[in-house]
Amino acid sequence: MYEIKDLTKTYRRGSQSVEALRGVTATIADGDLLAIQGPTGHGKSTLLQLLGGLDRPTSGSLRLGGGDLTRMSERGLTRIRAAEIGFVFQTFNLIPTLTARENVEAALVPLGVSADQRRRRAAEALADVGLAPRARHVPGELSGGEQQRVALARALVKQPRVILADEPTGNLDEDTRDEIMDLIERLWRERSLTVVIVTHDSAIAKRVPRVAWIYHGELSMRKESAPRSGAGADAGTGAEAGAPA
Amino acid sequence: MFFTYLFRELRRRSRQAIVVMVGLALAIGLVITVTAASSGVRNAQSSVLHSLYGVGTDLTITQNAADGSNAPRMFKLNGTGGAGKSATTNTDNVLPAPGQGTIASSALSRIAHLAGVQSVSASLSALDIKFSGTVTESQGSGGVSGLTPGVGPGITAPTAGANVGVQPTSLLGVDPTRSGMGPLSTVTITSGRNLTAADANKTSAVLDSGYASQQGLKVGSTFTVAGTTFTVVGIATTPSGSGGANIYLPLAKLQVLASDANDVTTIYVKAASAADISQVQNEIQKAVPGATVTSSASLAGSVTGSLASAASLADNLGKWLAIAVLVAAFAVAVLFTMSAVGRRVREFGTLKALGWASPRVVRQVAGEAIVVGLAGGALGIGLGYAGSAMVAHFAPTLTATTGDVPQGGGGQPESLSGPVSGAQGPPTGGSGGVPGLTQSITVHLTAPVEIRTLVLAVLLAALGGLLAAAFGGWRAASLRPAAALRRIA
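Just so you know, the sequences run in chain order F and B.
Under our numbering, think of the first position of the first sequence as 1, with each following residue one higher.
Under our numbering, think of the first position of the second sequence as 1001, with each following residue one higher.
Just chain F, same shape as in the assembly:
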């Protein structure tokens, strides 16, 4: 469970400062599938990076499963990223020189998994997303949808608690978008994952049980419905405050 309290993030460049997040307070329960919508430059990706331990807030607290990410060392954050959080990016961010299977394996490297185990688990993860036949192909030989499936397999192979997806369908056509969202929803249900998706796409927002809106760095809830993931069925509270658009 994420517990976010009075989270702010200010970027400073010289004498100028930009408040990317302003006092965000929210709770994201285990098993939630939350979409965060908002205009470009209003703090969506910043919030996602803080949730993923990729950056540190200027103030406030951010707890994941009892551990305060704002007070954690770099090594601690790295460990959290390696074991508990899976990232999915808009541009897939696959290593272009590695095959699909090796890209998936890359997520297991920091966990110290043996090479045999890595190969086996990567093959299973690719099979889960329907890409077993393409395991030996490099990203350049895959379509956008296939690349995003590989990215999903890479995010899931370490069996994380949380998936953070930044515009995961932003580079895909509508059919492929729907395929990927179907896949995300299926995996969310099957694995009791906590999924946070940053998106511009209202079609995605319509599919998910919870939607938050972020505007000028302030977060507010727009849609609340009972979570469909098993683990999150009895959890989840709404986000507080924020200026709706």
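Hints may contain errors.
[As the list claims (entries may be wrong)] Only part of the chain B face toward chain F is listed, based on derived beta-carbon distances under 10 Å:
#1 1002
#2 1012
#3 1015
#4 1110
#5 1189
#6 1193
#7 1347
#8 1349
#9 1352
#10 1354
#11 1355
#12 1357
#13 1481
[Unchecked claim] Covered, in the sense of this in silico footprint (three residues per stretch, anywhere, with C-beta under 8 Å from a C-beta of chain B), are these stretches of chain F:
#14 47 to 61
#15 97 to 107
#16 110 to 123
Rather than coming from a laboratory, the hints here were simulated on the basis of the structure.
Just so it is clear, CB atoms sit at the ideal spot from N, CA and C, and this is done for glycine as well.
Please arrange chain B on chain F, whose structure you already have, making use of the hints.
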């Protein structure tokens, strides 16, 4: 995963990797070639000095000949029994080597007791002059007609009327108990054996191979010097241009023949350590006033000619050129690696998001740079060998000219001739030179690649790779994942 990722990445950036690798290879190849050429020049210099000086000798002590000591020598020939009559005459005289002064043997013990002196040896140069032929006594007596006055080392020849053969032979008395230093150390025994301590008081001799061949002598043969019969125990060759002698005899025996029972012409000193040489040189100068004390360093300094030019070229131009190319290659390697990291910000940001710790990312970047560096080093070693082979193949023969060489040899005259009817020409088998004159030695420049050069090449390659890795790794490590991903978003 580490090597798979590493080699795939290098293959993706193959053009850059090849540029860096070739740059490093050229630089390292140049370093190897220049170092090998320098070694070759050093070897050539060492060869020159060795031939002049002897192995294991740090200092030589000689004494200039006293003024007027080279006055014409008079030889007593057998009388013919009256004016106008002829007689066969055979004389064999051992004379001190012209141009060289003698040093009392007592100086040896004084020098041996000086601090910093490890061992001392000595030699005596002399000239054996044999006259043989028919002499017709003219008016007056005591001279040999037909020889030109003043020709050769102190030979007086008054008037015409003789048919005389003159055979000068250079002799060198050496200390057989110290064969590891001095003149005996410069010779290479081709047949028989060298003089040993057991020969110190025996009539044993080692002959120069050319002289032995000319005289038809071989191991076991005997010959006579001033009435003493010697047995050939060994045949030797001397390095080209060295101040060797025709005949090497035990010092004590030659001292008796030359009537210089306690004198030597050259003293050889080995210092206890290289650092002591200068101090020992000063001490000897004080202990033997008036003597010329020459160190191998000062002798090396007197070497001129194309060998010296080559040494200067290798030391100055070659060294700085190699350093300049090396610095340029390192700079290219560093810049290309930094540039590659700059283009892979998104990739490294992603890896950090996947939980790769900074040291792991740095290792990946560093590994790539080091592999390129080592590959460049391996290629550079090949280029270095090729360059060295080319130097050895195409390098012109070099000459070294030395002045005032302290001669161990007997100083065989380059020419000794006169209008004597039937007189023999000078023996050509020896390779001696006239002491005190400049001496030119021809050497072929080689460029040997030594193990330490290869080690240096590998270290340089690793250094190039590490430098690139350090800068590239530093840049990769300093990347914050959020910043990298912000670029993506």
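Problem - Violations among the numbered hints - result: 3, 4, 5, 6
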